[in-house]
Amino acid sequence: MESVPVKVEGLTRNYGKRRGVEDLTFEVGEGEIFGFLGPNGAGKTTTIRQLMGLMRPTSGTASVFGLDCWKDSRRVKEKIGFLPGDIRLYEKMTGGELLDFFAAFRGARHERLRRELAERLGLDLSARIKHMSKGNRQKLAVAQALMHDAPLLVLDEPSSGLDPLMQVEFVELLREEQARGKTIFLSSHQLPEVERVAHRVAIIREGRLVAVEAVERLKHLRERRMEVDLHAPVPPERFSALDGVRVVSVAPEGKHVALAVRGKLGPLLRLLSDLPVDDLTFAPPDLESVFLHYYEGDEKAGRPSERPPEGSSEGYPGARPQAEVRR
Amino acid sequence: MSWVMFRKALVDLRWTVLWYALGLVLYGLLILSFYPTVRENAEQMRQLMATFPKSVMEAFGANNMSTLAGWVGGKYLNVMWPLIMSVFVIMAGAATVAREVERGTIELLLSVPESRTRLLAGKLAALFAGMVVLVAATVGSIALGAFFVDETLAVGNLVALGAVLLCFGVAVAGYSVLLSSFSKERGKPAGMAAGLTLAFYVAWVVSDLSNDWGWLRNVSIFTAFDPQRALQNGHVEPTHLAALIIVGVACTVVALVIFKRRDAIA
Chain A
187 MESVPVKVEG LTRNYGKRRG VEDLTFEVGE GEIFGFLGPN GAGKTTTIRQ
237 LMGLMRPTSG TASVFGLDCW KDSRRVKEKI GFLPGDIRLY EKMTGGELLD
287 FFAAFRGARH ERLRRELAER LGLDLSARIK HMSKGNRQKL AVAQALMHDA
337 PLLVLDEPSS GLDPLMQVEF VELLREEQAR GKTIFLSSHQ LPEVERVAHR
387 VAIIREGRLV AVEAVERLKH LRERRMEVDL HAPVPPERFS ALDGVRVVSV
437 APEGKHVALA VRGKLGPLLR LLSDLPVDDL TFAPPDLESV FLHYYEGDEK
487 AGRPSERPPE GSSEGYPGAR PQAEVRR
Chain B
144 MSWVMFRKAL VDLRWTVLWY ALGLVLYGLL ILSFYPTVRE NAEQMRQLMA
194 TFPKSVMEAF GANNMSTLAG WVGGKYLNVM WPLIMSVFVI MAGAATVARE
244 VERGTIELLL SVPESRTRLL AGKLAALFAG MVVLVAATVG SIALGAFFVD
294 ETLAVGNLVA LGAVLLCFGV AVAGYSVLLS SFSKERGKPA GMAAGLTLAF
344 YVAWVVSDLS NDWGWLRNVS IFTAFDPQRA LQNGHVEPTH LAALIIVGVA
394 CTVVALVIFK RRDAIA
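Chains A and B, in that order, are what the protein sequence lines are.
Everything in the first sequence is counted per our numbering, starting at 187 for the first residue and increasing by one.
Everything in the second sequence is counted per our numbering, starting at 144 for the first residue and increasing by one.
Below, simulated DSSO-like cross-link-like pairs (lysine-lysine); rule was C-alpha separation at most 30 Å, straight line:
hint, chain 1, residue 1, chain 2, residue 2
1, B, Lys-331, A, Lys-316
2, B, Lys-327, A, Lys-316
3, B, Lys-403, A, Lys-278
4, A, Lys-203, B, Lys-403
5, A, Lys-278, B, Lys-331
6, B, Lys-403, A, Lys-257
7, B, Lys-403, B, Lys-327
8, A, Lys-320, B, Lys-327
9, B, Lys-331, A, Lys-203
10, A, Lys-257, B, Lys-151
11, A, Lys-405, A, Lys-441
12, A, Lys-265, B, Lys-327
13, A, Lys-278, B, Lys-151
14, B, Lys-327, A, Lys-278
15, A, Lys-316, B, Lys-151
16, B, Lys-151, A, Lys-320
17, B, Lys-403, A, Lys-265
18, A, Lys-257, B, Lys-327
19, B, Lys-327, B, Lys-151
20, A, Lys-265, B, Lys-151
21, A, Lys-203, B, Lys-327
Honestly, the hints are just simulated from the structure, not real lab data.
Make a model of the complete structure from these sequences and hints.
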């Protein structure tokens, strides 16, 4: 279909002995923020390089708005604002010269958008790139990706190198872009980052797609670690009696409990409010716990698998429902 | 050709070209400034040259050194000039693709809505423009130097010289860019192109020293490079120029095809 912003079918890329990606199939709907999640080395950048026509697939296809990413590479790139994972810029240029250079290929300069981006990201465009910090280079590359007003943004680890305040601003920028009808393909190895902004997430590991999930569904699957310090012992059964709460460990005197929490927090918080809690830490969600969810059943059977649960996809505003899952 | 890429590549090369051009001009003027002394002692020079075997003198680019063309050829154009020009062309040619890959800028560069062929063509056009400037500086400095030492050089001879020099640059640029097109770092194609140029030179020298090795003439670009003769009487062998151009253009076409098809990752 012409209107599908990103369509990947059976995409495979081998690097000889090194692992690339194998048999990836998924689609990204129009107006969607699509997270592409996986640990370092999982194959996220390899996939993105094929979307950008930087590498030819060994087999399978990748298309953007109906155009083949390798054969129609030039036209594909007219529709993409791209942020590479490893930011390497022309060191001798100033920030402004770099933006001018990349804008010149597209004819239109989008002056207002460029100025707004520079202001919001706190960019000094007169500084030479060789004198910029890693964070400022990242901001410049973000501005470069967004300034073309392209209908599809392909962002590889976009918040890497940004400080926490700028990460918040960046998430806000992405939401605004999505509200203006942009489709965003966002890769990351950080689950919380993707959860904050994406509608759906494809999870990749060791070159294979584990699942494509709606973010809301994902939140019910992953576990978060909670450590509770108490000034009086509490029987661990009080925690394990709750749905979605697993007791990981209990200190000998029963005053320190480590929990793995999945799903809704309400019942656990109500219990904690009745207990003599001294201190509490609640870790952000991590990717490994999601993988554990998918692998635990098969590990019991003695073999790995990426079989997802039934009904793994939920809707998101403005996007077609889909639930592609590949082995 | 991408004009945006052409402009950027030209800006990137501008200082390098300027310094090389300055060096070539100064060297050319320096060599010519000694010519009056050679002219005054032409007979002794002829006798000195006669003591060496003719083939050895020709192999090292020195013959008829009592004439202006012979002096400039022997001291500058036949050996020193191709050496200087090769360094520029090899470094700039080897950088076209490989340095973008080495520095990791290739991913962002290839994210622009422009074909790889047109992007590389833009860079090659800038390299060609740089070579034209260096050849013009060389020819200009020789014309100026000749004027200062009261010698007259026909415009036709200078044009013929420029054509020979430029075609030599095109040939070297061709294989330098070809080697760059499939490389991941600039050092390797630059080293290989320098080695190849040296091999061509050695083949040409050896082919002149012995009849047994005469066939090597057919595999060296230096056989087609005779700037002294062009300066002497304005004569250029069309087949020689064509051979240099064919080497340059054929290598460039193959480079464009390779760059279009290769993985562009750091």
